[in-house]
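Those protein sequence lines, which keep their order, are chains A and B.
Just so we're aligned: 80 in our numbering is position 80 of the first sequence, and the numbers increase by one with no gaps anywhere.
Just so we're aligned: 19 in our numbering is position 19 of the second sequence, and the numbers increase by one with no gaps anywhere.
Some hints could be false.
Stated by the list, open to error - Under the rule of at most 25 Å between Cα atoms (straight-line distance), these lysine-lysine pairs were calculated in the DSS-like manner:
no.: 1; chain 1: A; residue 1: K66; chain 2: B; residue 2: K58
no.: 2; chain 1: B; residue 1: K78; chain 2: B; residue 2: K139
no.: 3; chain 1: A; residue 1: K153; chain 2: B; residue 2: K109
no.: 4; chain 1: B; residue 1: K109; chain 2: B; residue 2: K58
No wet-lab data here; the hints were simulated from the structure.
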Amino acid sequence: MKKAWFATLLTTLLNSKLVAMKKLIACTAIIGLLAGCAQPIPPEALQFQPDNLENRQLQSRKYDIKSEKELLTASNNVLQDMGFNLDESNMPLGVIVASKSRDATEAGQVAGAIFMAFMFGANAASYDKVQKIRASLVTKPAATNNPIEVDVKTKSGKQVKFDQQVPMPNSYIVRVTFQRLVWNQKNVLTKIEGINDPEIYQEFFDKLSKSVFLQAQNVN
Amino acid sequence: MLTKSNSARLSLIAVVAATLFLAGCQTMKERVLDSSADGQTSVQLRSIQTRSFDTSDKAKTMRTVIATLQDLGFVVDKADLDLGTVSATKLNGYALRMTVSVRPSESGKSMIVRANAQYNSTPVTDPKPYQDFFVSLQKSLFLTANNVD
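This is chain A alone, in the form it adopts within the complex:
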């Protein structure tokens, strides 16, 4: 970017009038100063959006099982069935983090790349080659449908009413989230995204249901 800018600056230097140049340089210098090296964070990045709630429902499932530990064991088995390797775990918080690297080539994209290479030379071609898929799985005790209504006075003297959730015995919620990073054939990162395909979550929880059942029967 900067190189290209200087090229235009130099050509303009040779061709244009002094006053216009001074203005241009002053303007760009100011823009350069303001921009610095930073880019701004999108405002919605840490805001709760309506689709967050949709994703929560998509990514969560309730299971009736004796303990959180058993549920985590069953979950870990399913992740291993799917070829994930464990990166990180914390039993007291109910957290499992796993990942796997897989092929990312798609026939359509490769065909497109061949066309681009044919038209514009080999450098124009780009197709996805490898992807890293990450999963984090978190369990928590489920709450009953009858929360306790609490009415308290805060330190600042404000009256607050809220529903205190009551934990349900032998019932836990699993929430799993997937995301992926994709590199093209030149080893350049081309995609970083969350995975929100309902079918993927549906199938994951079907597998987990079976695993939970086997866990309860003590069949391994």
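Based on these hints, arrange chain B on the given structure of chain A.
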């Protein structure tokens, strides 16, 4: 065409402009220590990134932090109850990485939650994203986020 003195003056201006451009970027020392992040002091940054919640339950606070991060589209990288830290990453065309730490206050009656975020390869120093995060967190905690002095 330009006269000699004019072109000399022009090249001087160009050099100054180029220096200003480069000055916008930081040196390695500043990058490692984040010593000149928008002229903020570390005290200011801490108050932006920290809130206290009236609960003595560390595990519950941490579980709520994790649930909030998941709600916001993050995937957990690491979680440690003893140290009281959670790291998570959100990928959505950009990479947003957050580390949240939870520790009991001196009185033991409240939990102090500190979050710091990194957007692609820059630190997040703007107060607004942190406010958004703590608003989501306090909703899930059913508690009010208090500023820490």
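Q) Are K153(A) and K109(B) close enough, with their CA atoms no more than 25 Å apart? A) holds, 16 Å
Q: Starting from K66(A), check that the Cα of K58(B) is at most 25 Å away, please.
A: Holds, at roughly 24 Å.
Q) Does K139(B) lie within 25 Å of K78(B) when you go C-alpha to C-alpha? A) This hinted pair holds, its Cα atoms lying about 23 Å apart.
(Q) Holds or violated: K109(B) and K58(B), Cα atoms, limit 25 Å. (A) The hint holds at about 11 Å.
No hint from the list above goes unmet by this structure.
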